[in-house]
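Visitor: Top to bottom, those sequences are chains A and B.
Everything in the first sequence is counted per the numbering used here, starting at 1 for the first residue and increasing by one.
Everything in the second sequence is counted per the numbering used here, starting at 1 for the first residue and increasing by one.
In short, the hints are calculated from the structure, not lab data.
It is possible that part of the hints are untrue.
Same chains, same names: a pair is fine if it fits in one copy or spans any two.
[To be verified] Straight-line C-alpha distance at most 20 Å; calculated SDA-like pairs for lysine to any residue:
1. K39 to V123
2. K104 to R348
3. K126 to E114
4. K126 to S116
5. K93 to D157
6. K126 to Q79
2 protein chains.
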Amino acid sequence: MRFLRSLALLFTLIYGVQAQQPPGSPTPTPVPLPSPTIKIDRYRAAAARIIGAALTSDRAYSRLAHLTDHIGNRISGSQNLERGIEWAVTEMKRDGLDNVRAEKVMVPHWVRGEESLEMLTPVPRKLQMLGLGNSVGTPAEGISAEAVVVRSFDELDRLGEQVRGKIVVYNAPFVNYGATVSYRSEGASRAARYGAVAALVRSITPVSLQTPHTGAMTYDANQPKIPVAAVTIEVAEFLQRMNDRGDRPTLRLKMEAKFLPDAESANVIAELKGSEKPDEIVLISGHFDSWDVGQGAHDDGGGCIVAWEAVRLLKELGLKPRRTIRVVLYTNEENGLRGGNAYRDAHRAEIVKHILAIESDSGVYRPEGFGLAATAPLQMRSNMQEIAKLLSGIGADQIAASGGGADIGPIVREGVVGASLDVNGEHYFDIHHTPADTLDKVNPRELALCVATMAVMAYTVADLPEPFK
Amino acid sequence: MRFLRSLALLFTLIYGVQAQQPPGSPTPTPVPLPSPTIKIDRYRAAAARIIGAALTSDRAYSRLAHLTDHIGNRISGSQNLERGIEWAVTEMKRDGLDNVRAEKVMVPHWVRGEESLEMLTPVPRKLQMLGLGNSVGTPAEGISAEAVVVRSFDELDRLGEQVRGKIVVYNAPFVNYGATVSYRSEGASRAARYGAVAALVRSITPVSLQTPHTGAMTYDANQPKIPVAAVTIEVAEFLQRMNDRGDRPTLRLKMEAKFLPDAESANVIAELKGSEKPDEIVLISGHFDSWDVGQGAHDDGGGCIVAWEAVRLLKELGLKPRRTIRVVLYTNEENGLRGGNAYRDAHRAEIVKHILAIESDSGVYRPEGFGLAATAPLQMRSNMQEIAKLLSGIGADQIAASGGGADIGPIVREGVVGASLDVNGEHYFDIHHTPADTLDKVNPRELALCVATMAVMAYTVADLPEPFK
């Protein structure tokens, strides 16, 4: 019965947040939540102080400016990432946070090197591209072959062996990130299965000004590893037109991409130690690594600063919660998730003591609230919605039907309840993983609102006299 | 009196099209136009056939696709431009147009070469740039100097001699093209006046995804020629932040830009010969050259195709006007205007026979009508508004208070009445002079509507039994 109720709830929650329901399907009846078991009145004063302080401080923005302008983008294995980690540890100690430390993590060290794409025939043309993370490179002379453009995996499967010896170009229009990103992650191996020699993937984005988007890809161990790069929407559409007119364009792809030996990196951890139950942990987090283009401002420099600044602000305000709030700035989210896995392994003994793990990794736009894992207990959902009322004045009081994050995934799979800081995502995928993910895209006031939202939720959950469940 | 009335009209017309009037200024009373002296009823059938044919043909789009995809961008002096001209002449003859010819024009031959910008200190960083057309290059080792960022010419003037030996970065926010483009055109010489060694100009655009915009600049003969490049909004804002924090960034600019000897090019001309008054000319035009990035799709491949396809369509429909409709695809609009000047010089004897000259050079978005030169006679304005009623069904019936074009400027200054094809310009400056001015930005239906609009207006004006005045 309980299982069936959970299933029904899941259905409700999932369909509750989806814009398009299957036509004709009945509107699912929302499952009523139990009444909250916590009282939030005693937290109104603290929430007011936190929100006021966040909105009158430029610390979050100036720190994000240092991270993006002075340190720059931070791919795993890079000097920038390690400089950033050193800086964060130094500054967190200066902030007076507790137990500040860098926990060593060995990370993959993928380097892009020089890369280029050109059309050789019917007319020579340089084409905008950006190699995908984890891709192998090409021979020094490049890979030259005819291009075959497909709009979908279905179309690829229909062509089958006809793509042997060719470069497969995926020109799949953006539906949403989750639906379209499989071309980036799986495209190379699915083309290699039919004998393709390289693959190009239309950037996973709704808009473009010749803007290529990189991102991680993974190889199917059963297929040959072929190089793969993103192309801009403009280039994908150009090749589509050439293809459709029967122009049989030939391309030359050059990529020096390769893996160097694993490099030493670290998760950065700092705490606001709990006054009564210091062993119980509310974890708030982002990932400190980024891609090797742009500044990693929204993804995820901003998320890291939000988590960090949330505890710094609490410390400054003298708000000491009953439980410990732990900030984790994970390393290597983008191309390995070694930070998230290492955290789980190093903290196995205390995983059960994590009462909530929140990740901020959707950009630092105007906050809307939190996404709570669909599997979270109903009572906890009810209590989180109650706490979120403290954020209604800044419009950040929604608790969405699902939530989580890549870095907290490993501990969530061990039973920790996960959540995400949810923000207005309207323009995130315009700049995601591009040279245009830069500080000018961050609105200082929206960043401050994210800090306030994270701080109020983390503090209240951590300070509740009752259990948070 | 007549002069005063003209002045009043000019005021009315100018303020009538400006969104923001000075606060508190009275709303100018529109000057009433005289009644039209022409009858448009007899042209309804022709307009219907033209619109129907334009909206059911893919010729305009497929020709623009050939021009952009197979020929590519077309800077003056390039092989692409000359290939394009040859193709147009061949195709126009194949279309059966009259007097198809290429009229030789010598054009400047500016080449970009390799170019780059990097920050050297406080932290090394590659920065997105695109040299401005006509700029001189740097020495091979580049120019390395401290950057000084200003938001306006006023700010530059206040700094004065403090910029000696430095690289001036103009970070002027986009107001509108006309208001902001002076930083691009004059920025180098105005900085050189105070001893600056190079200049960088924030791209003239409201939006950016690390998208640099090139465009023409001109040197003041009284100042030293210093190299100048566009930077993206992202880079300009980055340098502004570095500047404002006192980080004193030093930059290295490398540009191989230079002029080669003038090259041979041509204006392409084709006609639909008039049946009764073949010496009277309605000129419709665009410019065939483009910048050396992107595809020159909206600027101004589209405009050329609109003018060309307008007469091809009339020819196909057997619509032979009383006067001649002449298509001119000008060369070298972007960095010299040699095509427009050469046309004036070669056709001096018949300039007085040009009863109207229309240029399409604002992109080929949804057409709104025409802009008629503010100095056009009131009766002509009234008659043009009357003809435009034939276009009300496709929403292209506005006659704006002013209009014209760079290429027709030389004959307009000799007394020809000028006009522009006016389109929805909402997104033109997003892609103007960038690698993103590509065919995917052109909506085939909007292009066809532009063709219909141009063809109906040109045909009706050219066929009027009465004089068009």
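Visitor: My question is about K126 and E114: at a cut-off of 20 Å on alpha-carbon distance, are they close within one copy, between copies, both, or neither?
Guide: both (14 Å within a copy, 14 Å between copies)
Visitor: First find the shortest C-alpha distance between K93 and D157 inside one copy, then the shortest across copies, and answer within, between, both or neither for a cut-off of 20 Å.
Guide: Neither. Shortest intra-copy (56 Å) and inter-copy (45 Å) distances fail the 20 Å Cα cut-off.
Visitor: With identical chains, the pair K126 and S116 could be close in the same copy or across copies; at 20 Å between alpha carbons, which is it: within, between, both, or neither?
Guide: both (8 Å within a copy, 17 Å between copies)
Visitor: When no copy is named, should K126 and Q79 be tagged within, between, both, or neither for a Cα gap of at most 20 Å?
Guide: between (31 Å within a copy, 16 Å between copies)
Visitor: Given a CA cutoff of 20 Å, do K104 and R348 count as a within-copy pair, a between-copy pair, both, or neither?
Guide: Intra 16 Å, inter 80 Å, cutoff 20 Å: intra-copy only.
Visitor: Given identical chains, is K39 near V123, meaning Cα to Cα at most 20 Å, within a copy, between copies, both, or neither?
Guide: Neither: 70 Å inside a chain and 50 Å across chains, both beyond 20 Å.
The earlier numbered hints that this structure contradicts are 1, 5.
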